[in-house]
Amino acid sequence: SMHSVTDSSGPSGRILSKTFFFPGFVAGTGGLLRERDILAQHERWQHDERSCRRLLLNELSLDAIPQSAADALWISVFTYESAALASWFTAMAEGDEPIICLVPQGKVLASIAEYLGRKSPLAPGDVVGLGALTIAVIPFLTQDDYDRLLSLCDLNLVRGEDSFVRAQWAAQPLLWHIYPQDDGIHMDKLRAFLVLYCGESSGAASQELKALRQFWEFWNLGEDCRELWHHLRPQLPGLREQARKWQQELAQMPDLAANLVSYHRQQQC
2 SMHSVTDSSG
12 PSGRILSKTF
22 FFPGFVAGTG
32 GLLRERDILA
42 QHERWQHDER
52 SCRRLLLNEL
62 SLDAIPQSAA
72 DALWISVFTY
82 ESAALASWFT
92 AMAEGDEPII
102 CLVPQGKVLA
112 SIAEYLGRKS
122 PLAPGDVVGL
132 GALTIAVIPF
142 LTQDDYDRLL
152 SLCDLNLVRG
162 EDSFVRAQWA
172 AQPLLWHIYP
182 QDDGIHMDKL
192 RAFLVLYCGE
202 SSGAASQELK
212 ALRQFWEFWN
222 LGEDCRELWH
232 HLRPQLPGLR
242 EQARKWQQEL
252 AQMPDLAANL
262 VSYHRQQQC
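Start counting the sequence shown at 2; every next residue gets the next number (the numbering used here).
Keep in mind that a hint or two might mislead.
SDA-like, lysine to any residue: derived pairs with alpha carbons at most 20 Å apart [what the hints assert, rightly or not]: (1) K211 x P238; (2) K211 x Q236; (3) K246 x D225; (4) K108 x K190; (5) K190 x P238; (6) K211 x D225; (7) K108 x D72.
Just so you know, the hints here were simulated from the structure itself, not pulled from any lab data.
Start from the sequences, fold in the hints, and give me the full structure.
Next up, the structure:
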């Protein structure tokens, strides 16, 4: 949202006006950062998904992962540490479907190493198999490469603010690990976003969105996700349609930079 307050006088004695200009997801806010060609770029990556996945594996030097892994379920894991991680990894490992979890460098690697019973830390290039699950550690990526990773994954776990917004432009199902606050207010923020993201639904779609809401809540509260993952997994194709719909809704609004320019011009009148 945007609002102005009167500040102290400037050096020339003029009264200065301070404006708080906040990014947001609805009209009346500052909007979101969106490069001119980012949506078209996602379309290109997803149109040739298998080839783009194979290229990415090569670029990341993940030689231990066979090229056939391009047909597996891909999940990116960029989160804070969560007590839910062990139960979720167990659920994926015990399934019949091959799953590749691509984990950028970060604190969550300590939790994964503990889950695997490893005393030595995980590092980029490490590939660990656990039942149907393959965990691949990757380096911290440039913005463009991270956008490509988000575009090529069937589910993206993201955290904080920046990766959260980038995942929405990728139009793939996502799980938001919101930054925790001591008073628990972060859960109110998370639920408020879910109201926007999920909207009104009925019939089959409501089952998809119900599973998504529960997974978001369980993850952020550190609850056991083992059974819930088996409910969520079949819903991912429908959730991809929902993610594309949300991306297109956001794209109808002016982006943050355009809003800033427009606001500045209004002030000159």
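Each hint, compared with the structure:
1. K211 x P238: Roughly 14 Å between the alpha carbons, so the hint for K211 and P238 holds.
2. K211 x Q236: holds (10 Å)
3. K246 x D225: violated (30 Å)
4. K108 x K190: Cα-Cα ~23 Å, so violated.
5. K190 x P238: violated (26 Å)
6. K211 x D225: holds (17 Å)
7. K108 x D72: Outside the cut-off at roughly 28 Å; violated.
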